[in-house]
Amino acid sequence: MNFQAVSAIYKFEMARFFRTLKQSFLSPVLSTSLYFVVFGTAIGSRMEAVGGVEYGAFIVPGLIMLSVMTQSIANASFGIYFPKFIGTIYELLSAPVNFLEIVVGYVGAAATKSLFIGLVILGTAHLFVDLNIDHPIAMMCFLVLTCLSFSLLGFIIGIWAGNFEQLNLVPMLVVTPLVFLGGSFYSISMLPPIWQTVTMFNPVVYLISGFRWAFFGQADVSIGVSLGAISLFTLACMAFIWWIFKTGWRIRS
Amino acid sequence: MSVIVSVQDVRKIYAGGFEALKGIHLEIQEGEIIALLGPNGAGKTTLISTICGISSVTSGKITVDGMDIGTDYRKVREMIGLVPQEISLEPFETVINSVRFSRGLFGKKKNEAYLDEVLKTLSLFDKKNSKVMTLSGGMKRRVLIAKALAHEPRVLFLDEPTAGVDVELRRDMWNTVTKLKREGVTIILTTHYIEEAEAIADRIAVINSGEILLVEDKDALMARMGKKKIRIELVTPAEAVPSQLADYSLVLSADGSALTYTYDTNSERTGITGLLNDLQAAGLQMRDVQTQQSSLEDIFVGLVQEGAK
Ligand SMILES: Nc1ncnc2c1ncn2[C@@H]1O[C@H](COP(=O)(O)OP(=O)(O)OP(=O)(O)O)[C@@H](O)[C@H]1O
Ligand SMILES: [Mg+2]
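So the sequence lines, in the order shown, correspond to chains A and B.
Here our numbering is used: position 51 in the first sequence is 51, and no number is missing along the way.
Here our numbering is used: position 187 in the second sequence is 1187, and no number is missing along the way.
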């Protein structure tokens, strides 16, 4: 393992983040606050508690997941797309590194950024609602795993994308709907039975459900299934990236 | 001298079906400077890209220091530095951070003193903490070179390192290259400036439409292919070449005031003595005689045209 290379990539990517630290920090704080004003206070005050949890608190895990997933994809896809776009990828391709080192560097940095944003949102949420987290360790595990797996997905999107439109296409067309329909703002049990079944095919449901369990001790699906689903998703992404570097798909002429 | 880079029967067919390299054979000696000359689209960049791992090879074998570039990619790539033809740099990062990144990426431990030294050699030291996007084109090209040197490579590929660089800087760069050669670095450079190859290369390879036309020692090449010309200025302009001088294939200048005689430096008899005698016999008086040696450029143009036939 070329640790020097991993740390060089990681630092270089984190520097990008620190150059825009204020924006990186401000936008999630602002958008979360807006969500709380609209859903938590204005609408939430007219909603009944979900499974004994006040609605304002109930949406916190979903809100964090929503941001963490979109941020992970955005960071990781941009992180690898940009070198392709400006041509600096030549250096990665000619360097004594294997796919794992490249992925750990880029995905690690992207995941770190979204983890940071997730924690900022959690902090912001604290200002609006009372929260106590039942299983803090499990909560962190889920958060980290989500950051990692969605950064892996973002990395794939960044390699696949041939232009900036495509870079935004997948997150907009696929990920945002899956996340919105994944139970961020409601419990699956609130849906009609047929939609409950359809929803089970949405991988995001398992993540949000597991994450919510870590907060409130209640979930739509069992915690084991949630963990299994996210692990499977991570492995699938890793396998795909391994194939990308083996074949040089979209990176090596 | 031993072979450091060996390219054997390498073919490259791009995804679209275009054959950019048609069975290239090339052996690069350790410690030499070899210049790859060839017109646009000849395959110079493609050849470099396949050796450096940016492009895959369709068939054939490439070894560096005896190691296969595929199976031993780590050891091979650690030895190689590449300055690409296109200026590709992260615009928002500082010069020093870009160079540090390159060093780390190639698995080398931190060494600020060495990096400072590299920046100084390339006259970039005062721009150390400037953002790349604030630099001029020539400076950016030097940042690319600094990045390629950051991990102390033994083999350096320079793909048109002096494109868009002014005359003075070009000389600086030649000095840097010859200094690297003295330190034992093998250098492969492509260029469109033939005087560049003439000035710094030990050997010249000419490539055209994916084929190597020739690889030869520069001095030997110039001697072998070198034609010399004699320009004879006449006191009184002649209207035509006198018929008794027809054997010499003389060329009369437009105004008739000078004759040019071309001869091969390698032939046993240059025919100059005979010519001078015959000139006098024909009643032509000479004002001045000058000799000119053909440049590599003439040789190169001749070769590529011949290859195109
Ligand atoms: N990615 C690619 N896909 C398809 N064809 C390519 C690709 N890259 C280069 N070519 C073709 O391969 C041929 C050789 O290109 P190459 O860049 O190696 O030339 P070159 O000798 O470096 O030329 P120049 O002096 O202009 O830099 C050209 O005809 C070019 O169009
Ligand atoms: Mg080229």
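Please keep in mind that the hints were generated in silico from the structure rather than gathered at the bench.
Beta carbons: idealized from backbone N, C-alpha and C, even for Gly.
Mixed in with the good hints, there may be bad ones.
As the list claims (entries may be wrong) - List time: in silico DMTMM-like cross-link candidates among lysine to aspartate or glutamate, alpha-carbon distance up to 25 Å: (1) Lys11(A) with Asp1116(B); (2) Lys1181(B) with Glu1233(B); (3) Lys84(A) with Glu1086(B); (4) Lys22(A) with Asp1072(B); (5) Lys1075(B) with Glu1030(B); (6) Lys11(A) with Glu1093(B); (7) Lys11(A) with Glu1117(B); (8) Lys246(A) with Glu1211(B); (9) Lys11(A) with Asp1247(B); (10) Lys246(A) with Asp1072(B); (11) Lys1227(B) with Glu1152(B); (12) Lys1075(B) with Asp1126(B); (13) Lys1108(B) with Glu1090(B); (14) Lys246(A) with Asp1288(B); (15) Lys1131(B) with Asp1172(B); (16) Lys11(A) with Asp1126(B); (17) Lys1179(B) with Glu1239(B); (18) Lys1218(B) with Asp1247(B).
Claimed, not checked - The calculated label-pair distances, taken between Cβ atoms and stated as ranges, are: (19) Ala1015(B) with Gly52(A): 45 to 51 Å; (20) Trp242(A) with His1192(B): 52 to 58 Å; (21) Met1001(B) with Asn98(A): 29 to 35 Å; (22) Phe18(A) with Glu1019(B): 29 to 35 Å.
Checked hints:
Annotation: proposed proximity of Lys11(A) to Asp1116(B) holds, straight-line Cα distance about 20 Å (limit 25 Å). Restraint check: the Cα-Cα separation between Lys1181(B) and Glu1233(B) comes to about 44 Å, which exceeds 25 Å; the hinted pair is violated. In summary, the hint linking Lys84(A) to Glu1086(B) is supported, as the alpha carbons are separated by about 13 Å, within the 25 Å threshold. About 44 Å separates the Cα atoms of Lys22(A) and Asp1072(B), which puts this hinted pair outside 25 Å; it is violated.
About 16 Å separates the Cα atoms of Lys1075(B) and Glu1030(B), which keeps this hinted pair within 25 Å; it holds. Proximity of Lys11(A) to Glu1093(B) is assessed by CA-CA distance (about 12 Å); at most 25 Å being required, the pair is judged to hold. For the given pair, Lys11(A) sits about 23 Å from Glu1117(B) by alpha-carbon distance, which is consistent with the 25 Å threshold. In summary, the hint linking Lys246(A) to Glu1211(B) is not supported, as the alpha carbons are separated by about 29 Å, beyond the 25 Å threshold.
As the CA atoms of Lys11(A) and Asp1247(B) are separated by approximately 74 Å, the hinted pair breaks the 25 Å bound. Among the hinted pairs, Lys246(A) with Asp1072(B) is consistent with the structure: their alpha-carbon atoms are about 15 Å apart, no more than 25 Å. Between Lys1227(B) and Glu1152(B) the alpha-carbon distance is near 41 Å, which puts this suggested pair outside the 25 Å criterion. Using a Cα cut-off of 25 Å, the hinted pair Lys1075(B) and Asp1126(B) is violated, with the two alpha carbons roughly 33 Å apart.
A C-alpha spacing of about 20 Å is found between Lys1108(B) and Glu1090(B), which places the hinted pair at or below 25 Å, so the restraint holds. Proximity of Lys246(A) to Asp1288(B) is assessed by CA-CA distance (about 69 Å); at most 25 Å being required, the pair is judged violated. The hinted pair formed by Lys1131(B) and Asp1172(B) meets the criterion: a straight-line CA distance of about 23 Å does not exceed 25 Å. Taken as a hint, the Lys11(A) and Asp1126(B) pair is honoured in the structure, with Cα atoms around 24 Å apart against an allowance of 25 Å.
Between Lys1179(B) and Glu1239(B), the direct Cα distance comes to roughly 54 Å. Violation of the 25 Å bound is thereby established for this hinted pair. The hinted pair formed by Lys1218(B) and Asp1247(B) fails the criterion: a straight-line CA distance of about 32 Å is larger than 25 Å. At about 59 Å, the beta-carbon gap between Ala1015(B) and Gly52(A) misses the expected band of 45 to 51 Å. Between Trp242(A) and His1192(B) the beta carbons are some 41 Å apart, a value that contradicts the proposed interval 52 to 58 Å.
As the Cβ distance of Met1001(B) to Asn98(A) is approximately 33 Å, the hint placing it in 29 to 35 Å holds. In this structure the hint that Phe18(A) and Glu1019(B) lie 29 to 35 Å apart at CB is violated, the actual value being about 47 Å.
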